[in-house]
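Go by the hints and put chain B onto chain A.
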Amino acid sequence: MASPIDYDGAVRGSSWTESDTAANEPEQSAADDRVTQVVIDAHVAVDIVKHCSEGLPEIVTGQLLGLDVDGTLEVTHAFPFADEENATGGDSAEYQLEMMKCLREVNADNNTVGWYTSTFLGSFLHQSMIETQFNYQDTIKTGVGLIFDPIRTAEGALCIRAVRFTKDFMQLYEKGSFAPADLNSKNVFASNIFEEIPVRIRSSKLTDVLLCTLAEGMPMEEVESDTRAFDLDFNPFLEKNLQFLNECMDELQSENHKYAQYERQVHRQRMDRNAFLQRRRAENNARKQAGQPPLPEEDLSRHPLFRTIRPPSRLEPLLISNQIQRYCDQINDYAGQGIAKMYLTAETQTRTGQ
Amino acid sequence: LPPMEASGIHLASQTKRALVHPSVLFSIVNHYERRPLGHARVLGTLMGDVRPDGAVEIQAAFPVPHSESSDRVAVDMEYLRTMLKLAHCVNRNRTIVGWYCTGAGVSEYSLLFNSFFKRVVTDPVHLCVDTELLSGRMAIKAFVGVQLDSSENELDSYFEELDVAIKRETGEKVAVDTLITGMHERTNAALEAGREEPERNVDVPSASSSKRDIGALRSALVSLVDVIEKCEQYVQDVTDGKAKPNREFGRFLADTIANVPKLDITAFEKLFSEGTQDLLMVSYLTSLAKTQIALSERVQAFMV
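The listed protein sequences correspond, in order, to chains A and B.
Just so you know, the first sequence maps onto residues 1 to 354 in this note's numbering.
Just so you know, the second sequence maps onto residues 355 to 658 in this note's numbering.
Isolated chain A (complex conformation) (with noise of 0.2 Å):
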């Protein structure tokens, strides 16, 4: 834990590690893969909300750095992703390097414990994202993902949540295929791909000083005022809300009617195989009657009837379902919040009124 005002350099030297060594360690033991509960710094959310919300519409990235201290996962600093088409010669990886270099020669912690990102109205189940999450995941061992919405912080509450895939699924992943069957063996449904880690912000005692000169009294330059919490105008995002859940319940529909093909096929290809084994079989017991020999028995595997038809992947599905999911928790807030917005209306309008 950083002490706030005596800062000893030296000792946290010790605990420095590179991310490649960290991933290294066999005597990590399954146990450590537990994170109970993600501690951001207060400099770091600020940066975070800042990174994201200046970057919008995109959707923006960006490295964690810190400490995972039994099951606890500290988040010391973090700095933003550079833009393709920004770097100045070399790629990603390079300025990757560089800035850990950096943040090294000044004290901040340069151990990668995880990656966040920005969301557009909570649809962060890209490819894209998936694999990120999972390629941080498999080699940092408490590998998080921060995602941060912008849209729904700007209505007033901070929306940053720290989520994990679950064990099974990274296994399902890292095997490659998404089978009916794997699905089934490993208990993964649409509810349990992520786990949710809960999210803490941590104030050192001078940041909390800080605070308390910003909430007093210095000059403020407000760019907008604060009234986006009573706007009664609900329907552009729930407009929005259900645009997007609209789509993936029509991706999920094309998905579902894929399957549904495959299952036809298989069942067709049944059918065929035993009407061809009975034929077969009808022959035969005819050759044998007139005293021929029985037809060779051929390689049957090479034949079309018996080739085995390939199950669709269910990863699609899988992930629109929890995305699916997600947006209707989202809209069912929104609408529980606007149900009492709507109330506390009623109430002055009729006190008004009298």
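Check before you lean on any hint, since a few could be wrong.
[To be verified] Quick list of simulated restraints, FRET-style, between CB atoms: (1) Ile-339/A <-> Ala-544/B: 29 to 37 Å; (2) Leu-242/A <-> Leu-488/B: 52 to 60 Å; (3) Val-592/B <-> Glu-247/A: 50 to 58 Å; (4) Ser-128/A <-> Ser-650/B: 20 to 28 Å; (5) His-126/A <-> Leu-488/B: 50 to 58 Å; (6) His-126/A <-> Glu-462/B: 51 to 59 Å; (7) Val-653/B <-> Arg-281/A: 44 to 52 Å; (8) Ser-641/B <-> Pro-198/A: 19 to 27 Å; (9) Ala-458/B <-> Ala-346/A: 52 to 60 Å; (10) Leu-649/B <-> Leu-232/A: 29 to 37 Å; (11) Thr-476/B <-> Glu-98/A: 23 to 31 Å; (12) Ala-346/A <-> Ala-544/B: 46 to 54 Å; (13) Val-266/A <-> Arg-446/B: 52 to 60 Å.
[Stated by the list, open to error] Short, incomplete list of chain A residues facing chain B, as computed with Cβ under 8 Å: (14) Pro-80; (15) Ala-82; (16) Glu-98; (17) Met-100; (18) Cys-102; (19) Glu-105; (20) Ala-190; (21) Ser-204; (22) Val-209; (23) Leu-211; (24) Leu-214; (25) Ala-275; (26) Ala-286; (27) Ile-324; (28) Gln-337; (29) Gly-338.
Source of the hints: derived by calculation from the structure; they are not laboratory data.
Just so it is clear, CB atoms sit at the ideal spot from N, CA and C, and this is done for glycine as well.
Showing chain B alone in chain A's frame:
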């Protein structure tokens, strides 16, 4: 790196204000907390933009290693250049605008540090944050070096103080407000429990809990009531003769109050019922969708 040009006119006559983003202050405080053993102060670079009206907007900051002894000071310019290059990769629009230093105010080293930074930007802004709380609070001041006209020597200059204002964009505002509310809650909890030190950690309620949204609504309402009470108090003071009346302000208040919409009862009831019906319907449909998906998953598990 070529020094950045200001808009041609001598900056001291134009730059009267420095607008600081809160994240800059947070990172300065964090840098101070992580300073190497034996260092009394820390140094770093300020990044930002110069606005057309001459005010300097300080948007970001990063630390720079430095060393000082009784007779000389050194700033790691190589590190500075590397970091500038990296920062450029992320945000092309930000340029270096100055430097920061912790401490109570301008010190004997400030001129020397200023001369280092003058190599990369003309008229750097010097932000001074009093992390040692010498005045009992964390004073935040900004200065800009003004050359004494009568002398050629770079070091013959004095520091002119600028007005500092905090500029909060929406996202940062919410984050800082959450932290401030959290801090008040923690201190109150500690006082009630009789503890010396409040808890260090603030819970961020999980994104899917309605407590979060309602909490935000509640705090917005509380601040609104606060503002209304202040206005009421002011009006009361003016009518009692205790405060000076301000014609513009009074007219502004009257306009604001007139803006409150007054619908007749039937029109409002219609709006209200339509609104709540929409919300309820949407809520019902989404619950239905969720149940449907959960069911289909279970069925699939049986079928395979």
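Results of checking the hints against the structure:
Between Ile-339/A and Ala-544/B the Cβ separation comes to about 36 Å, which falls inside the hinted range of 29 to 37 Å. Checked against the hint of 52 to 60 Å, the C-beta distance between Leu-242/A and Leu-488/B comes to roughly 57 Å, which is consistent with it. As the Cβ distance of Val-592/B to Glu-247/A is approximately 57 Å, the hint placing it in 50 to 58 Å holds. The beta-carbon spacing between Ser-128/A and Ser-650/B, approximately 27 Å, falls within the hinted interval of 20 to 28 Å.
In this structure the supplied range 50 to 58 Å holds for His-126/A paired with Leu-488/B, their Cβ-Cβ distance being about 51 Å. Distance hint check for His-126/A and Glu-462/B: the Cβ-Cβ separation is about 56 Å, which falls inside the suggested range of 51 to 59 Å. Taking 44 to 52 Å as the suggested C-beta distance range, the pair Val-653/B and Arg-281/A does not conform, at roughly 37 Å. Separated by about 25 Å at the C-beta atoms, Ser-641/B and Pro-198/A satisfy the suggested range of 19 to 27 Å.
About 55 Å separates the C-beta atoms of Ala-458/B and Ala-346/A, a value consistent with the hinted range of 52 to 60 Å. Range check, Leu-649/B to Leu-232/A: about 35 Å between beta-carbon atoms, so the 29 to 37 Å window is met. Taken as a hint, the range 23 to 31 Å holds for the pair Thr-476/B and Glu-98/A, whose Cβ atoms sit roughly 27 Å apart. A C-beta distance of roughly 39 Å is found between Ala-346/A and Ala-544/B, which places it outside the suggested range of 46 to 54 Å.
Distance hint for Val-266/A and Arg-446/B: a CB-CB separation of about 55 Å, consistent with the stated range 52 to 60 Å. Look at Pro-80/A: its Cβ gets to within about 5 Å of chain B, closer than 8 Å, so that hint holds up. A least Cβ separation of about 4 Å between Ala-82/A and chain B falls short of the 8 Å threshold, and the interface hint therefore holds. At a threshold of 8 Å, the smallest CB-CB gap from Glu-98/A to chain B is about 6 Å, leaving the interface hint in force.
Residue-level restraint check for Met-100/A is violated (minimum Cβ-Cβ distance to chain B is 11 Å; threshold 8 Å). Against a cut-off of 8 Å between C-beta atoms, the interface hint on Cys-102/A holds, since the closest Cβ of chain B lies about 6 Å away. Below 8 Å, beta-carbon pairs count as interface contacts, and Glu-105/A has one with chain B at about 6 Å; its hint therefore holds. Contact between Ala-190/A and chain B, as hinted, is supported at the beta carbon level, the nearest pair being about 6 Å apart and thus within 8 Å.
Hint status for Ser-204/A relative to chain B: holds, with the closest Cβ pair at about 6 Å, below 8 Å. Look at Val-209/A: its Cβ gets to within about 5 Å of chain B, closer than 8 Å, so that hint holds up. Interface restraint check for Leu-211/A: the shortest CB-CB distance to chain B comes to about 5 Å, inside 8 Å, so the restraint holds. This hint holds: Leu-214/A has a C-beta 6 Å from the nearest C-beta of chain B, less than the 8 Å allowed.
The restraint placing Ala-275/A at the interface with chain B is violated, with a minimum CB-CB distance near 24 Å, outside the 8 Å limit. A distance limit of 8 Å between C-beta atoms decides the matter here; for Ala-286/A the minimum to chain B is near 39 Å, and the interface restraint is violated. Interface hint at Ile-324/A: satisfied, since its Cβ lies 6 Å from the closest Cβ of chain B, which is below the 8 Å cut-off. Interface restraint check for Gln-337/A: the shortest CB-CB distance to chain B comes to about 4 Å, inside 8 Å, so the restraint holds.
Restraint check, Gly-338/A versus chain B: the minimum CB separation of about 5 Å is within 8 Å; hint holds.
Checked against the numbered hints given earlier, this structure breaks hints 7, 12, 17, 25 and 26; the rest are met.
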